[in-house]
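The listed protein sequences derive, respectively, from chains A and B. Position 11, counted from 1, in the first sequence is what the UniProt record's numbering calls 11; the numbers after and before it change by one each time, with no gaps. Position 328, counted from 1, in the second sequence is what the UniProt record's numbering calls 328; the numbers after and before it change by one each time, with no gaps.
In case anyone wonders, no lab produced these hints; they're calculated from the structure. From the three backbone atoms N, C-alpha and C, an ideal C-beta is built for every residue, glycine too. You may find that some hints are simply not true.
Claimed, not checked - Derived, one-sided and incomplete: chain B residues facing chain A with beta-carbon distance under 8 Å: (1) H62; (2) L214; (3) L312; (4) F417; (5) V418.
Claimed, not checked - Short, incomplete list of chain A residues facing chain B, as computed with Cβ under 8 Å: (6) Q25; (7) L27; (8) A29; (9) L30; (10) G31; (11) G35; (12) E39; (13) R42; (14) A45; (15) F46; (16) H51; (17) V59; (18) I60; (19) I61; (20) D65; (21) K67.
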Amino acid sequence: MHLDALKPGQAAIIDRIHAEQALTQRLHALGFRTGKQLEVIRQAAFNGPLHVRIGSTDVIIRLQDAKAIHLHPLPNQTESIPA
Amino acid sequence: MKRVALLGMPNTGKSTLFNRLSGASARVGNWPGITVDLMSAKILLGGHIAELVDLPGLYDLHGFSDDEQVVRHFLGHHAIDLVLIILNSAQIDRQLSLALQIRALGVPAVLLLNMEDEAKRAGITIDAQAMSKQLGIPVRTISAKYGQGCPEALQLAAQTILQHPNQVTPETIAGKLEMDNVIEQEMHQIIDRTVHFPLQLNHSLTDRLDKVLLHPWLGLPLFLLSVFLLFQFIFTAGTPLQDGMAWLFDNLRSAALEPALASLPAWLNGLLLDGLYTGFSTVAAFVPIIVLFFLVMSMVEDSGYLSRAAFLMDTLMAKMGLDGRGFVMMLMGFGCNVPALMGTRVMRSRPMRLLTMLTIPLSLCSARLQVFLFIIAILFPPSQAALVLFSLYMVSFATIFITAMLFKDKFASREPFVLELPPYRFPTPQQIWMRGWQEVKHFLSRATKFIVIGVVMVWLLTHLPTTAVPASPETWAGSIGRFFAPVLDPIGIDTELAIALIFGFVAKEIVVGSLAVIYGLQGDALSHQIAANIDWVQGMSFMLFTLIYTPCLSTIATLKSESKSSGFMWLSLAWSLALAWVISFLFYQGARALGY
Chain A
1 MHLDALKPGQ AAIIDRIHAE QALTQRLHAL GFRTGKQLEV IRQAAFNGPL
51 HVRIGSTDVI IRLQDAKAIH LHPLPNQTES IPA
Chain B
1 MKRVALLGMP NTGKSTLFNR LSGASARVGN WPGITVDLMS AKILLGGHIA
51 ELVDLPGLYD LHGFSDDEQV VRHFLGHHAI DLVLIILNSA QIDRQLSLAL
101 QIRALGVPAV LLLNMEDEAK RAGITIDAQA MSKQLGIPVR TISAKYGQGC
151 PEALQLAAQT ILQHPNQVTP ETIAGKLEMD NVIEQEMHQI IDRTVHFPLQ
201 LNHSLTDRLD KVLLHPWLGL PLFLLSVFLL FQFIFTAGTP LQDGMAWLFD
251 NLRSAALEPA LASLPAWLNG LLLDGLYTGF STVAAFVPII VLFFLVMSMV
301 EDSGYLSRAA FLMDTLMAKM GLDGRGFVMM LMGFGCNVPA LMGTRVMRSR
351 PMRLLTMLTI PLSLCSARLQ VFLFIIAILF PPSQAALVLF SLYMVSFATI
401 FITAMLFKDK FASREPFVLE LPPYRFPTPQ QIWMRGWQEV KHFLSRATKF
451 IVIGVVMVWL LTHLPTTAVP ASPETWAGSI GRFFAPVLDP IGIDTELAIA
501 LIFGFVAKEI VVGSLAVIYG LQGDALSHQI AANIDWVQGM SFMLFTLIYT
551 PCLSTIATLK SESKSSGFMW LSLAWSLALA WVISFLFYQG ARALGY
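Turn these sequences into a full structure, and let the hints steer you where they fit.
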């Protein structure tokens, strides 16, 4: 599962980031790292960018770029997230 | 002289700190090999004058974005004695990596943890001493916004420089920049040992505001409403000020300058008063609006709402090869193109910034609005006036759209759209004032030269040769009008209007006045004369051309200085001229073909 499939209100753990180097670096710098938990807060209208919270940081990211982030479900509430 | 570089992540209050430390002495420095403006200032450090350089905000030193390249180039080519690293205390868990990267370079550094107040409110406590011990770098918490800890930070910086008398050569740094990767682990260790996070961060106020302002359906209307109210404020408050300035300059002219210069030869008198003085006062009349605009802008920019507007508009803008921030700048362009062009500095990717700058001159600014109101009142009955004006705004939007669609491949930006959403912040009045003042100074120094020279040239064109009646077809301007006749006749623009267009090239504010000079009439007589000379189709064609052909000299000068490329300025100029002609031609010939 990738970040672009996560719905508002859902949380998951970052599995790995698979993007070109520049985007990977940018995401790292913003706090996206393997093993960290993130949550989608909301999505803009017309299939717009996602508002994602990771640690103490809020980030907006286009769906296209969100594809680069591979996720796995939270350990204790697997059922709330579609695989 | 010692040189200190100020370095930090975006949204950490770096510029606020720079403004606070530098006071009014900041200037744009010229650094070989670096294409962006770097501000620097002379500051007093431990009893000696030192140079403080404000480097662009960046997330890390790896060098993939333009800003990161600039910082790497700077560090690798210019000797520095100290790096002041500024980080956001509330996000220290991920920002500390930058400090570790700097430390790895071996440059003496001092770490400043800013937004102490914000971190406290979020329940974060930082043991600065323990962190300093772990890092091996002096650490100090400050609040750049309120000034707490700033004098102590400077002392710390002075001590650190004294302890490291030998400069690290730029070559060494350049070498080390190449191998800067294994930092993550150490960062986690230090954070775990020195920072205590509360279980739940206090996001509540920002969250509650976001729930309304970023609402999927309400967010956009609310945003447009706030922008509209801000414009309303700028112009409601700015217009009386602008009128006041105009009144002041008129009185200065009639009471002091005209009597004082009366003894001069007529041509010199005309050149000084109608040329230079008109030019100067045109620029000066801009000032109140510019000041207000930047005061409001710096408030919006620092508040965190701009990133949220970008979030709301991004989907639509993406189709035009732009992103959400470009939309905000275009809206600003409807007030005045100049500050909107300067505002594109928030964009990190150069192609995207250039594409946005290409569209901004097509925004129907308030100066053009003035011309349209004048012409519409003459040529259209009141029942149609609002519709005509509305259609001009629609044309403005359409030209922006066409331009972006046509040029989006040429200025293709590969930069992904990943943007940090900072919490809402309320900038202090002092912060707003300092920011606004910097921008105004910048604008004045540039615009003055440009407009004054332009106005003098137009005056000469319309007054030479001396045997001709000023602004008549016999003048050089008239000859130019005739020269362009083959191009302008097909779009219905006669010689008189062509001369007005030449004036309009300098600033649209002059167009209405120039028509008065050209026809030698004022008030109702002028209106009747114009209505007798041209019909509504010609008038509309003239307005379309005025809307698109070129904003004004200030805008062109700003295009050049902001893009740092004459080629880009010429491209923008040529494109808008061509687009203006084609649209006017299609309209004029189409209307004539339909029998109007």
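Results of checking the hints against the structure:
no.: 1; hint: H62; result: holds, 5 Å
no.: 2; hint: L214; result: holds, 6 Å
no.: 3; hint: L312; result: holds, 6 Å
no.: 4; hint: F417; result: holds, 4 Å
no.: 5; hint: V418; result: holds, 5 Å
no.: 6; hint: Q25; result: holds, 5 Å
no.: 7; hint: L27; result: holds, 7 Å
no.: 8; hint: A29; result: holds, 3 Å
no.: 9; hint: L30; result: holds, 6 Å
no.: 10; hint: G31; result: holds, 4 Å
no.: 11; hint: G35; result: violated, 11 Å
no.: 12; hint: E39; result: violated, 11 Å
no.: 13; hint: R42; result: holds, 6 Å
no.: 14; hint: A45; result: holds, 5 Å
no.: 15; hint: F46; result: holds, 4 Å
no.: 16; hint: H51; result: holds, 7 Å
no.: 17; hint: V59; result: holds, 6 Å
no.: 18; hint: I60; result: holds, 5 Å
no.: 19; hint: I61; result: holds, 5 Å
no.: 20; hint: D65; result: holds, 4 Å
no.: 21; hint: K67; result: violated, 10 Å
Violated hints, listed in ascending order, are 11, 12 and 21; each of the other numbered hints is respected by the structure.
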